[in-house]
Amino acid sequence: MAHHDIPAPGSSVAERFAGWAAALEVGAIPSEVRQTATCALIDHAGLAVSARNEDYTKAVVDSWDGAGACTAFGQARGFDMAGAALVNGTAAHGEDYDDTFEGSPMHTSAVVIPAALAAAERFGASGEDVLRGIVAGAELMCRMAIVAPTAQHRAGFHPTAVAGTLGAAAAVAVTLRMSARQMTDALGVAGSMASGIIEYLSEGTWTKRLHPGWAAQSGIRAALMGREGFLGPRTVFEGEHGFFFAFGVNTIQPELARITADLGEDWHCGRIAFKPYACGTMVQPFIDCAIRLAREGLPVDRIASVLCRVGEGTVHRLWEPLAEKRKPSTPYSAKFSVPFGVAVGLVDQAAGLGQFTDARIVDPAILDLAGRVSYEIDPKDEYPRNYTGTVIVTLDDGRTFEAHQPHLRGGVRERLGLDEITAKFRANCAYGGWSDSRANDLAEWATGLFSAPDLAGLARFRG
15 MAHHDIPAPG SSVAERFAGW AAALEVGAIP SEVRQTATCA LIDHAGLAVS ARNEDYTKAV
75 VDSWDGAGAC TAFGQARGFD MAGAALVNGT AAHGEDYDDT FEGSPMHTSA VVIPAALAAA
135 ERFGASGEDV LRGIVAGAEL MCRMAIVAPT AQHRAGFHPT AVAGTLGAAA AVAVTLRMSA
195 RQMTDALGVA GSMASGIIEY LSEGTWTKRL HPGWAAQSGI RAALMGREGF LGPRTVFEGE
255 HGFFFAFGVN TIQPELARIT ADLGEDWHCG RIAFKPYACG TMVQPFIDCA IRLAREGLPV
315 DRIASVLCRV GEGTVHRLWE PLAEKRKPST PYSAKFSVPF GVAVGLVDQA AGLGQFTDAR
375 IVDPAILDLA GRVSYEIDPK DEYPRNYTGT VIVTLDDGRT FEAHQPHLRG GVRERLGLDE
435 ITAKFRANCA YGGWSDSRAN DLAEWATGLF SAPDLAGLAR FRG
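So the mapping is simple: this note's numbering equals the position in the sequence shown, first residue as 1, plus 14.
One should not assume that every hint holds.
[To be verified] Derived CB-CB ranges, DEER-like: (1) Gln267 to Ser343: 35 to 45 Å; (2) Thr219 to Gly385: 18 to 28 Å; (3) Ala379 to Gly412: 16 to 26 Å; (4) Thr414 to Gly385: 10 to 20 Å.
Because the hints were derived from the structure by calculation, they are not lab data. All values derive from a computational prediction rather than experimental measurement. For glycine and all other residues, C-beta sits at the position ideal for the given N, C-alpha and C.
Work out the full structure: start from the sequences and follow the hints.
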């Protein structure tokens, strides 16, 4: 009996999603979703350039021996598809400055954009096909994030890494206009390629940075296998030994209907959040408060203490151990410290890539102020449903000043405009050593890509 004889076509979750995604045309993509995808592409390109010279990016580049005609932003040589996707995904996610699906730790663009770009550049797909691939892959990842929230993390897996492999496979399949059957096989294969544990938390090592790039290249492999007829399990999502069982959902009933409910009507990927600051998402409302107070004339040199009101669920990641959070041992650790984020917000009135460096984490003025930052749990805090921040500053004369940020800036309640995304992009390109003119060229290319006939111009952004 042939693999696809039973069950009937369209009966599995993968088949239903693939049926929708394979039929997706650009006219069915709402304008706001297209605009979000444009912002995501611009943001992604700037992030990849910003990290092009970082040690972890160089290590990935030097480890990869596959040459080809595909482009990794800011890298001199050409790569095969998998290599370009790996480098771009790793670089874009490396500083934790990339977009995220609000309310979850799912980073979509660092996975699906590198995969779609590499496939399109290699096979001559159009900009419209890249758009289709990006939104289909991102939509799948967002929907996987809400099927069983927090389950993968609790089981020791990185959600972006494991779900991203299937998201990348979908992105490539749609970009290359594979059939629904081919895409179903690709998703089935991708389930066996998914990987990524969160043991990096123990020492602050580099593997989290690798995860989106690895998922992107794995998704490419899975898609091409599916295109050639390699058979994957159609029940990769809901099967007894499927994705959600394997990656931690073996004690609760996952809401699998969320993967296919209202496809094409309710676009989750249109609601991804863009980060204004180069650090963990939950730190950002507190930085907004700190910067607002500093810009209103707060005398920073007279601060006696800073109290932050926080959600209980954030304490273990952003506040404890308090000695480490007040004096981070690495720049990466500083990105997940509210005391450090508040301190640079007050002193620098900024929290870009330049604030999370080896030099800044030993700056005496920053560390002295971070050491004065403490927290109290607010039982009314809405975390994780909403990310908020409250900062109360007490001066040496007893006067107090308070600021409150009611939501994540850059998220669904307060979107970043294209002008803000572009300003962030330019700053990131400059951080990566690119001139203004070269950054302008890349911004123009990214802005117009989804209307371009092909990706022939991408190669000029090497080096």
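Hint check:
{"no.": "1", "hint": "Gln267 to Ser343: 35 to 45 Å", "verdict": "holds, 41 Å"}
{"no.": "2", "hint": "Thr219 to Gly385: 18 to 28 Å", "verdict": "holds, 26 Å"}
{"no.": "3", "hint": "Ala379 to Gly412: 16 to 26 Å", "verdict": "holds, 23 Å"}
{"no.": "4", "hint": "Thr414 to Gly385: 10 to 20 Å", "verdict": "holds, 19 Å"}
When the structure is compared with the earlier hints, no violation turns up for any of them.
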